[in-house]
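Q: So the chains spell out like this:
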Amino acid sequence: MTPAADGIVAVVWEGCPTCQLVAPVIEQLVASGAISVLHREETDSGLEASYRLGVDTVPTLIRGSERIVGWSRDAWEKFTAVPGLGVGIPDYRPGCGSRTQEPGVVDELAERFGAEMLTARRVVLAPLEDEMEALFDRGWTDGLPVVPPTAARVMRMLAGTTRAPDEVVAVVPPDLVDATVEKVAINAVMAGCKPEYLPIVLAAVEAACTDSFNGHGLLATTYFSGPVVIVNGPLARAVGMNGGGNALGQGNRANATIGRALQLVIRNVGGGKPGGVDRATLGNPGKYSFCFAEDEDGSPWESLSVERGFSPEATTVTLFAGEGPRGIVDQLSRTPESLARSLAAGLQSVAHPKLVLGFDAVLVVSPEHARVFAEGGWDKARLRKELFELLTRPGAELIRGAGGITEGLPEAFKDAALPKFRPDGLLIVHAGGRAGLFSSIIGGWVNGETGSQPVTMEVKA
Amino acid sequence: MSTRVVLDPTGELEPVERALSQRPPSLEGARIALLDISKARGDVFLDRLEEVLVERGLEVQRYSKPTFTKPAPIDLRHEIATQCDVVIEALAD
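Chain order of the listed sequences is A and B. FYI, the numbering for the first sequence is 1 to 461, going by our numbering. FYI, the numbering for the second sequence is 462 to 554, going by our numbering.
Keep in mind that the hints were calculated from the coordinates and are not lab data. There's no promise every hint is true.
[Said to hold, decoys possible] Just a few of them, taken from the derived set where beta-carbon distance is under 10 Å, the chain A residues facing chain B:
| hint | residue |
| --- | --- |
| 1 | Ala126 |
| 2 | Leu128 |
| 3 | Glu131 |
| 4 | Leu135 |
| 5 | Trp140 |
| 6 | Leu144 |
| 7 | Val146 |
| 8 | Val154 |
| 9 | Asp175 |
| 10 | Ala179 |
| 11 | Val189 |
| 12 | Lys194 |
| 13 | Leu264 |
| 14 | Val265 |
| 15 | Ala374 |
[Said to hold, decoys possible] What follows is a list of derived Cβ distance ranges for each label pair:
| hint | chain 1 | residue 1 | chain 2 | residue 2 | range |
| --- | --- | --- | --- | --- | --- |
| 16 | B | Ile535 | A | Asp56 | 50 to 56 Å |
| 17 | A | Asp44 | B | Gln522 | 54 to 60 Å |
| 18 | A | Asp166 | B | Asp536 | 42 to 48 Å |
| 19 | B | Lys531 | A | Asp56 | 46 to 52 Å |
| 20 | B | Glu475 | A | Leu128 | 21 to 27 Å |
| 21 | B | Arg538 | A | Asp166 | 46 to 52 Å |
| 22 | B | Glu473 | A | Asp56 | 30 to 36 Å |
| 23 | A | Glu133 | B | Asp508 | 32 to 38 Å |
| 24 | B | Glu475 | A | Gln250 | 31 to 37 Å |
| 25 | A | Arg121 | B | Asp546 | 28 to 34 Å |
| 26 | A | Leu128 | B | Val548 | 17 to 23 Å |
| 27 | A | Met117 | B | Gln522 | 48 to 54 Å |
Here the structure is a predicted model, which is why all the values come from computation and not from measurement. Ideal Cβ positions, reconstructed from N, Cα and C, are used throughout, including at glycine.
Use the sequences and the hints to build the structure in full.
A: Dropping the structure here:
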């Protein structure tokens with residue numbers, strides 16, 4: 001018999017009919033030395049080896065980076081360089097699922113062996129502590145209950161990304177602590193995320209911690225605002241995010257927990273808490289979570305992320321420093337000209353009707369309003385241009401004292417004509433249910449260099 | 462799967478467990494709580510301690526838990542914490 005190449009590792013499980021069928025073949029290959037290591041999943045050590053090798057099917061033969069699964073006489077003879085294998089048994093039988101893939105076993109193995117790679121401090125809860133209360137007591141929640149971040153749950157969460165647990169995603173303000181993929185995963189577990197949301201959470205954390213977004217200032221401000229996460233692209237749809245009815249509201253797990261995970265990272269990893277560095281005078285309920293998807297399929301326009309230079313196939317997060325949304329009602333306008341005037345009137349009030357250029361805004365156009373623009377032949381650029389003109393006002397109306405209101409611009413702007421928004425200061429997205437002639441405004445915080453710049457970042461697997 | 466051990470979600474800048482308070486260098490001037498956890502004969506031990514402490518001219522307050530089977534009620538803990546500097550607890554039978 002021709003000796004096989006060195007170093008074949010085989011993994012079998014006695015509960016698998018295919019493994020039973022090829023048992024004599026395995027025995028022969030072990031005896032001849034063609035198989036140098038045999039792992040049996042029915043034993044603890046075999047199961048551990050199988051887990052570490054990432055085996056999902058038995059039988060599996062492994063040599064270096066090559067592996068074959070199931071039984072195929074041709075493939076086995078070629079792989080082992082041993083002819084005449086398995087005389088009298090069928091030529092081919094598919095393999096069975098590895099024991100490592102069984103429900104329950106997956107978690108157990110992840111906890112027993114996989115969790116070694118997790119470096120976060122283990123916190124042992126005292127015997128008399130209620131585990132939910134314990135997490136409140138440690139100051140780890142946003143005021144709502146969180147899912148206890150056990151090693152098994154964190155391991156499951158980490159399966160949602162190809163990134164290594166120790167990779168640093170961002171340096172999180174205000175404490176400027178490195179947030180590793182593992183730390184983000186822990187907070188994502190607590191927020192209630194599914195593993196498939198993790199890549200979006202990671203991108204949101206990274207974007208929120210950029211200098212231009214200025215997460216520190218946004219946290220520390222006395223203003224209402226917090227991070228608003230707008231998600232575009234195929235992954236938003238794949239994970240079931242909501243850009244349709246009640247897009248800005250409650251009830252969708254992905255929307256709710258992705259935004260919440262970001263806030264928990266800022267709270268826990270960054271140390272940013274209300275009463276501490278968060279000095280908000282009033283805050284807004286969106287600081288629990290404010291995250292939604294753009295309705296791209298139903299939109300007559302290119303998406304926010306395409307406008308911002310990304311491919312339609314890319315999944316992106318756009319971070320905006322925003323306050324709570326407010327509604328604009330216009331149920332009568334059937335021309336773009338009239339509807340644009342209504343939207344402009346609403347947008348004028350962002351921050352204060354007499355304050356201009358200092359605050360950005362997101363305009364969320366609902367399907368019924370977007371239809372009016374689409375039927376009138378207005379693309380998004382046209383709408384923005386018209387709004388820009390409608391929102392340009394004489395300085396005399398905006399200066400301090402004008403209209404009997406002390407708030408306003410310095411006297412020096414008296415003779416200028418000033419637009420409400422800077423040229424890139426109005427983000428337009430399409431979202432909402434099919435019925436309702438309403439749109440929404442999300443007012444921004446101080447913009448630009450002194451405040452926050454909207455940041456769009458691509459989501460990586 | 463155990464939920465009794467969780468992974469720390471924080472930046473780990475603070476210790477998980479609160480450090481014990483420093484022992485006072487002396488009892489001079491300290492307000493002393495004597496806590497009876499309601500175990501049998503705890504009062505005998507504490508009565509004697511009280512005698513000794515009072516002889517030294519120290520101020521002593523007596524407290525007791527409703528039952529040794531449960532943690533001290535939060536009100537009691539709060540009362541002791543606000544009224545005293547030092548606690549001596551009679552723990553065993």
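Q: Under 10 Å, Cβ to Cβ, is where alanine 126 of chain A needs to be relative to chain B, so tell me if that hint holds or is violated.
A: Result: holds, 9 Å to nearest chain B Cβ.
Q: Given a cut of 10 Å on the nearest C-beta pair, is the interface hint for leucine 144 of chain A held or broken against chain B?
A: Violated, because the Cβ-Cβ distance from leucine 144 of chain A to chain B comes to roughly 15 Å (cut-off 10 Å).
Q: Does the hinted range 30 to 36 Å hold for glutamate 473 of chain B and aspartate 56 of chain A at CB?
A: 35 Å, holds
Q: Go through the hint on alanine 374 of chain A and say holds or violated, using the shortest Cβ distance to chain B against 10 Å.
A: 45 Å, violated
Q: Between the beta carbons of leucine 128 of chain A and valine 548 of chain B, is the distance compatible with 17 to 23 Å?
A: 19 Å, holds
Q: Should the hint that valine 265 of chain A touches chain B count as held when the rule is a Cβ pair under 10 Å?
A: 8 Å, holds
Q: Is the gap between the beta carbons of glutamate 475 of chain B and leucine 128 of chain A within 21 to 27 Å?
A: 22 Å, holds
Q: Between isoleucine 535 of chain B and aspartate 56 of chain A, does the beta-carbon spacing fit 50 to 56 Å?
A: Roughly 51 Å apart at Cβ, these two residues keep to the hinted range, so it holds.
Q: Can the hint on aspartate 175 of chain A be confirmed by a CB-to-CB distance to chain B that is less than 10 Å?
A: For aspartate 175 of chain A, the interface hint holds, since the closest Cβ of chain B sits about 5 Å away, which is under 10 Å.
Q: Does the nearest C-beta of chain B fall within a distance shorter than 10 Å of the C-beta of leucine 264 of chain A?
A: 7 Å, holds
Q: Is the distance from the Cβ of glutamate 475 of chain B to the Cβ of glutamine 250 of chain A consistent with 31 to 37 Å?
A: 33 Å, holds
Q: Under 10 Å is the threshold here; is the Cβ of glutamate 131 of chain A close enough to any Cβ of chain B for the hint to stand?
A: With Cβ-Cβ at 5 Å, under 10 Å, it holds.
Checked against the numbered hints given earlier, this structure breaks hints 6, 12, 15, 21; the rest are met.
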